[in-house]
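Student: Sequence:
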Amino acid sequence: MIVATTPNIPGYRIVKVLGIVYGMSIRTRGLGEDSSWSRGVSGR
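With my numbering as the guide, the letters of the sequence shown map in order to residues 141 to 184.
Fair warning: there could be bad hints in the mix.
What the hints assert, rightly or not - Derived Cβ-Cβ restraints for the label pairs, each shown as a range:
1) T168 - V143: 20 to 26 angstroms
2) T168 - T145: 29 to 35 angstroms
3) P147 - T168: 30 to 36 angstroms
4) N148 - T168: 31 to 37 angstroms
5) M164 - M141: 29 to 35 angstroms
6) A144 - M164: 30 to 36 angstroms
7) T168 - T146: 24 to 30 angstroms
8) T168 - I142: 25 to 31 angstroms
Hints are computed from structural coordinates only; laboratory data are not their basis. No experiment lies behind these values; they were computed from the predicted model shown. Note that beta-carbon positions come from the ideal geometry of N, C-alpha and C, so glycine has one too.
Work out the full structure, taking the sequences as your base and the hints as a guide.
Tutor: Here's what the structure looks like:
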């Protein structure tokens with residue numbers, strides 16, 4: 141499956157449009173620097 145933010149992709153035929161997707165992104169400085177945050181999210 142190809143996920144894109146453009147209405148067309150050169151060389152491909154669009155078969156199905158699933159619609160608008162909403163989400164949330166959380167960015168950190170580095171994966172190793174903020175390990176306490178990841179432990180809190182995963183519950184470990």
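Student: All the hints need checking, so say for each whether the structure fits it.
Tutor: Results of checking the hints against the structure:
With their beta carbons about 23 angstroms apart, T168 and V143 fall inside the hinted range of 20 to 26 angstroms. The given range of 29 to 35 angstroms is broken by T168 and T145, whose C-beta atoms sit roughly 23 angstroms from each other. For P147 paired with T168, a C-beta distance near 32 angstroms keeps the hint of 30 to 36 angstroms intact. At about 34 angstroms, the CB distance of N148 to T168 agrees with the hint of 31 to 37 angstroms.
The hinted window of 29 to 35 angstroms between M164 and M141 is violated, with their beta carbons roughly 21 angstroms apart. Between A144 and M164 the C-beta distance comes to about 20 angstroms, which lies outside the given range of 30 to 36 angstroms. At about 28 angstroms, the CB distance of T168 to T146 agrees with the hint of 24 to 30 angstroms. A C-beta distance of roughly 27 angstroms is found between T168 and I142, which places it inside the suggested range of 25 to 31 angstroms.
When the structure is compared with the earlier hints, violations turn up for hints 2, 5, 6 and for no others.
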